[in-house]
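Novice: This is what each chain is made of:
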Amino acid sequence: MSTASLRQPTSSPSPAGRRPTLTRNQKPKWLVPVIAVAAVVVGAALAALVGFSTALWAVLAAVVFLVAAPVAVSAVEGRRKGADSLMTYLVYAAFVLAVIPLISVIWTVLANGVPGLNSNLLLTSMNGVTGATDNAAAAGDGPVLGGAYHAIVGTVSITFWATLMSVPIGLLTAIYLVEYSKGGWLGKSITFFVDVMTGIPSIVAGLFAAALFGLLLGPSARFGFVAAVALTVLMIPTVVKNTEEMLKIVPNELREAAYALGVRKWRTILKVVIPTAISGIASGVTLAIARVIGETAPLLVTAGFATAINWNSFSGWMTTLPTFIYYQILTPTSPTNPDPSQQRAWAAALILILIVMLLNLLARLVARAFAPKAAGR
Amino acid sequence: MSKRIDVENLNVYYGDFLAVEDVSMGIDARSVTAFIGPSGCGKSTLLRTLNRMHEVIPGARAEGKVLLDGENLYGPGVDPVLVRSMIGMVFQRPNPFPTMSIRDNVLAGVKLNSKRISRSDADDLVEGSLQGANLWNEVKDRLDKPGSGLSGGQQQRLCIARAIAVKPEVILMDEPCSALDPISTLAIEDLISELKEEYTVVIVTHNMQQASRVSDRTAFFNIQGTGKPGKLIEYGPTAEIFSNPTEKQTEDYVSGRFG
Numbered sequence: 066m067s068t069a070s071l072r073q074p075t076s077s078p079s080p081a082g083r084r085p086t087l088t089r090n091q092k093p094k095w096l097v098p099v100i101a102v103a104a105v106v107v108g109a110a111l112a113a114l115v116g117f118s119t120a121l122w123a124v125l126a127a128v129v130f131l132v133a134a135p136v137a138v139s140a141v142e143g144r145r146k147g148a149d150s151l152m153t154y155l156v157y158a159a160f161v162l163a164v165i166p167l168i169s170v171i172w173t174v175l176a177n178g179v180p181g182l183n184s185n186l187l188l189t190s191m192n193g194v195t196g197a198t199d200n201a202a203a204a205g206d207g208p209v210l211g212g213a214y215h216a217i218v219g220t221v222s223i224t225f226w227a228t229l230m231s232v233p234i235g236l237l238t239a240i241y242l243v244e245y246s247k248g249g250w251l252g253k254s255i256t257f258f259v260d261v262m263t264g265i266p267s268i269v270a271g272l273f274a275a276a277l278f279g280l281l282l283g284p285s286a287r288f289g290f291v292a293a294v295a296l297t298v299l300m301i302p303t304v305v306k307n308t309e310e311m312l313k314i315v316p317n318e319l320r321e322a323a324y325a326l327g328v329r330k331w332r333t334i335l336k337v338v339i340p341t342a343i344s345g346i347a348s349g350v351t352l353a354i355a356r357v358i359g360e361t362a363p364l365l366v367t368a369g370f371a372t373a374i375n376w377n378s379f380s381g382w383m384t385t386l387p388t389f390i391y392y393q394i395l396t397p398t399s400p401t402n403p404d405p406s407q408q409r410a411w412a413a414a415l416i417l418i419l420i421v422m423l424l425n426l427l428a429r430l431v432a433r434a435f436a437p438k439a440a441g442r
Numbered sequence: 189m190s191k192r193i194d195v196e197n198l199n200v201y202y203g204d205f206l207a208v209e210d211v212s213m214g215i216d217a218r219s220v221t222a223f224i225g226p227s228g229c230g231k232s233t234l235l236r237t238l239n240r241m242h243e244v245i246p247g248a249r250a251e252g253k254v255l256l257d258g259e260n261l262y263g264p265g266v267d268p269v270l271v272r273s274m275i276g277m278v279f280q281r282p283n284p285f286p287t288m289s290i291r292d293n294v295l296a297g298v299k300l301n302s303k304r305i306s307r308s309d310a311d312d313l314v315e316g317s318l319q320g321a322n323l324w325n326e327v328k329d330r331l332d333k334p335g336s337g338l339s340g341g342q343q344q345r346l347c348i349a350r351a352i353a354v355k356p357e358v359i360l361m362d363e364p365c366s367a368l369d370p371i372s373t374l375a376i377e378d379l380i381s382e383l384k385e386e387y388t389v390v391i392v393t394h395n396m397q398q399a400s401r402v403s404d405r406t407a408f409f410n411i412q413g414t415g416k417p418g419k420l421i422e423y424g425p426t427a428e429i430f431s432n433p434t435e436k437q438t439e440d441y442v443s444g445r446f447g
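As you go down the protein sequences, you meet chains B and R in turn.
Numbering follows the numbering used here, in which position 92 of the first sequence is assigned residue number 157; successive positions increment by one, without gaps.
Numbering follows the numbering used here, in which position 22 of the second sequence is assigned residue number 210; successive positions increment by one, without gaps.
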């Protein structure tokens with residue numbers, strides 16, 4: 066075979082007589098948008114047949130489009146392109162489905178929470194707020210008194226103690242697993258039990274902490290620190306798992322580079338491995354905090370419920386934002402006029418979301434401050 | 189500075205697998221010794237036993253003696269960390285610490301060990317080490333920039349600067365140029381020739397031209413087949429190994445007729 070016959074297919078006729086082979090069978094640009102518009106119209110018609118509602122219209126339009134568009138593309142461009150477009154549109158549909166609840170939650174919390182967000186809510190507790198004041202507020206005789214300050218204090222202090230306990234334990238466990246265990250039986254069993262701990266229902270963690278302090282201090286031992294212990298049980302596995310993953314992706318070359326300079330193993334871990342992984346570790350810790358800050362059940366059985374401000378985590382009942390919301394909705398301060406209570410509950414929910422977002426932001430700042438320096442040539 | 193190394197009847201294992209069998213050789217102070225041989229013949233493994241880096245891998249161990257000016261590195265009570273501070277190492281892929289600036293990378297051996305060093309001493313050490321690695325002129329205006337922003341060849345010279353900043357007796361190099369372009373390779377090779385004025389240098393290389401260019405003595409390792417241990421086949425002055433080897437295997441390898 067000569068090189069000439071390699072370059073040119075033997076059957077190739079003169080180029081003038083053929084369609085351009087590289088660009089044939091392309092769908093016109095207007096095809097998909099037109100189908101989309103048609104789907105919206107057809108969806109509206111179908112919805113009108115059954116009994117019109119916006120949700121039904123959206124669903125029917127989406128279904129019509131998901132059927133019609135791939136069929137049309139398949140007819141013009143062939144089966145492969147048709148299947149490709151079907152999968153693409155299914156992925157988009159799945160994305161929209163996943164985002165709807167998120168946007169709905171944020172929208173609902175904002176719409177219901179913003180009206181209740183005022184200085185009263187942020188700076189006062191529920192101490193002294195009775196059904197009578199709520200009735201007066203509902204009747205228009207005064208402002209909605211009472212707020213979530215005590216719950217914010219409770220959430221911050223209980224989460225603080227839980228973080229203070231679980232982060233060192235989780236971090237050191239992860240360091241042991243990655244740097245020291247060398248696949249021994251102890252490392253394997255720790256990994257197994259951490260996996261088991263991940264699955265513990267939160268109420269069980271709450272009962273564990275309540276029972277532990279019940280044994281130590283008597284059956285009525287309920288204060289913020291008990292709740293912090295319950296949350297610690299829930300946080301440790303998350304911190305361990307996240308930190309373990311982050312330490313594993315630190316390249317071994319960096320450890321060896323430090324060893325080769327005559328640096329001891331613990332110093333290598335402290336000054337090379339952890340700084341390299343710190344941004345991932347920080348976001349893992351934030352995730353763990355976000356997981357426990359919204360817990361309600363374990364707090365009810367460990368910290369009780371209070372209406373007054375309590376800064377002391379080691380004595381007296383404490384309220385956190387989730388339990389505050391729970392009580393405001395379930396047992397409104399004024400049973401005849403639940404509106405002020407609901408308003409406070411929604412505003413508290415908004416504050417809870419804002420705190421979690423703030424923590425995320427903080428973790429990102431920490432991560433940025435410690436992250437490996439970007440290439441700055 | 190710089191000491192000689194004598195290896196006596198060294199066997200190196202990964203778990204139960206014997207990777208290098210019965211190596212004995214003497215490495216002169218202030219010289220460059222090259223280890224050559226096909227992939228998997230154990231030359232990198234042997235190099236890593238010379239500063240006790242081999243045992244960092246789980247299950248890896250070595251039996252026999254490695255004498256640094258007569259002192260056995262594998263003797264009882266020897267602290268491997270102390271050994272590594274006397275015998276530095278440069279790796280195949282440049283691995284500057286990504287969290288540190290160029291200056292901190294050079295000072296890593298001092299700073300990671302939390303040794304106290306005055307600012308002027310640190311400045312002198314940084315300048316001296318970077319000049320020793322032929323990198324000073326290229327980076328002196330951006331010492332506070334991250335080391336990962338340098339080119340591959342500059343990063344490798346930074347790693348050499350980092351290794352000589354701890355003032356070792358011996359520098360081990362594990363294929364230091366295999367990830368670099370010819371110009372960077374030339375810079376490193378020139379540097380190796382300068383380093384031997386002060387240090388004992390041992391270099392593993394796949395590049396036989398490089399071995400013949402930079403080394404005074406060459407050791408050829410070979411392996412009889414998969415699963416068999418690597419052995420030292422021939423060790424002698426570089427010129428002899430490349431022009432007039434006594435062993436048939438060596439001749440086949442250096443002339444490209446291996447296999």
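Hint data in this document are derived by calculation from the structure and do not stem from the laboratory.
Among the clues, some could well be false.
Claimed, not checked - Simulated pairs of lysine-lysine, BS3-like, Cα-Cα distance not exceeding 30 Å: (1) B:Lys253 <-> R:Lys303; (2) R:Lys253 <-> B:Lys247; (3) R:Lys253 <-> B:Lys330; (4) R:Lys436 <-> B:Lys336; (5) B:Lys247 <-> R:Lys191; (6) R:Lys253 <-> R:Lys416; (7) R:Lys436 <-> B:Lys330; (8) R:Lys355 <-> B:Lys330; (9) B:Lys336 <-> R:Lys299; (10) R:Lys333 <-> B:Lys336; (11) B:Lys247 <-> R:Lys299.
Computed from a predicted structure; not experimentally measured.
Novice: Now tell me, hint by hint, if it's right for this structure.
Specialist: Against the structure, the hints:
1. B:Lys253 <-> R:Lys303: violated, 37 Å
2. R:Lys253 <-> B:Lys247: Judged against 30 Å, a Cα distance of about 27 Å means the pair holds.
3. R:Lys253 <-> B:Lys330: Holds - the C-alpha atoms of Lys330 (chain B) and Lys253 (chain R) are around 24 Å apart, at most 30 Å.
4. R:Lys436 <-> B:Lys336: violated, 50 Å
5. B:Lys247 <-> R:Lys191: violated, 35 Å
6. R:Lys253 <-> R:Lys416: holds, 22 Å
7. R:Lys436 <-> B:Lys330: With a Cα-Cα distance of about 45 Å, the restraint between Lys436 (chain R) and Lys330 (chain B) is violated, given a limit of 30 Å.
8. R:Lys355 <-> B:Lys330: holds, 20 Å
9. B:Lys336 <-> R:Lys299: holds, 9 Å
10. R:Lys333 <-> B:Lys336: With Cα atoms ~19 Å apart, Lys333 (chain R) and Lys336 (chain B) stay inside 30 Å; holds.
11. B:Lys247 <-> R:Lys299: Since the Cα atoms of Lys247 (chain B) and Lys299 (chain R) sit roughly 28 Å apart, the hinted pair holds (cutoff 30 Å).
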